[in-house]
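Participant: Listed below, chain by chain, are the residues.
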Amino acid sequence: MPELPIQSGDDVVRVRQQVRVLAAESGLSLVDQTKLVTAASELARNALVHGGGGLARVEVVRSDSGKNGVRIDFVDEGPGIPDIDLALTDGWTSGGGLGLGLSGARRLVDEFELTSKAGGGTSVVVTKWSR
Amino acid sequence: MERVPILKIGPTLFVSIQIDLQDESVVRLQEDLADELARTGAKGVIIDITAVEIVDSFIGRMLTMIGSISRLFDAETVLVGMRPAVAITLTELGLSLRGVRTALNAEKGLALLTGSS
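If you read the protein sequences in the order shown, they are chains W and U. Here our numbering is used: the first sequence runs in plain steps of one and ends on residue 131. Here our numbering is used: the second sequence runs in plain steps of one and ends on residue 117.
Heads up, some of the hints might be wrong.
[To be verified] Far from chain U, by Cβ distances over 10 Å, these chain W residues were calculated:
hint, residue
1, Pro5
2, Asn68
3, Gly101
[To be verified] Have a look at the derived ranges for each label pair, beta carbon to beta carbon:
hint, chain 1, residue 1, chain 2, residue 2, range
4, W, Pro5, U, Arg3, 46 to 56 Å
5, W, Gly66, U, Asp35, 26 to 36 Å
6, U, Asp35, W, Leu30, 34 to 44 Å
7, W, Asp10, U, Asp35, 38 to 48 Å
8, W, Ser94, U, Lys108, 37 to 47 Å
9, W, Ser65, U, Thr40, 56 to 66 Å
Don't read these hints as lab results, they were simulated from the structure. Virtual Cβ for every residue (Gly too), placed ideally from N, Cα, C.
Construct all of the structure, not just a fragment, from the sequences and the given hints.
Facilitator: Following this line, the structure appears as structure tokens:
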């Protein structure tokens, strides 16, 4: 499974490109590819800006019912998210953004799992399935 | 970091984004456009995103800001060439790009600018 560093804006672009390749390979439609790559862009930026850098693991997965999908695990060792419910609220922002990054990314994927604790880093695992 | 070139044709500035945008490139484009608007007194800006595969919340916010900045220079911004998959994704993301005019392609965008000036 490729492990991609997220330490710069260039790295965010590389994560997007890798996700695009695997999403196309696993048979996601163009719209679903675009949704997944956009979600990946939001989450990679979060890891960089709020998590102080991290990494992404991208893999092709297969469901019990035989569907292909792409799963991405974003991990950072940053300060963590003290209030996850608040962070997932549309329009809530910790900085100068629109507050759509995390909540928007969740809407764009089929499965979204966020684990974080204050001071303990953050992990976000997202999956998009082919239809 | 790659930079996005800005072309001046008559009273209009043309920007065609042909690279995989990283945040720094978009911020730089915003600054370069403000400089060009101040320097040239252009009345319109056309941003062609035909080749752009994704617009996330950061890029979307920057495009909205470019529209606002242009207005401060008495210029109008038209975003053209958005891919259907990008439009669907942007809407689901919750971004409306309020305040930015859009057109199907560069030709229609130019007609919009000349018709409104």
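Participant: Compare the structure with each hint and give your call.
Facilitator: Tested hints:
1. Pro5: Correct as stated: the minimum Cβ-Cβ distance to chain U is 15 Å, above 10 Å.
2. Asn68: Nearest chain U Cβ is 19 Å from W/Asn68, so the label holds.
3. Gly101: 5 Å, violated
4. W/Pro5 x U/Arg3: 46 to 56 Å: Given range 46 to 56 Å: violated, Cβ gap about 24 Å.
5. W/Gly66 x U/Asp35: 26 to 36 Å: 55 Å, violated
6. U/Asp35 x W/Leu30: 34 to 44 Å: 36 Å, holds
7. W/Asp10 x U/Asp35: 38 to 48 Å: With Cβ atoms ~24 Å apart, the hint is violated.
8. W/Ser94 x U/Lys108: 37 to 47 Å: This hint holds: roughly 39 Å between Cβ atoms.
9. W/Ser65 x U/Thr40: 56 to 66 Å: 58 Å, holds
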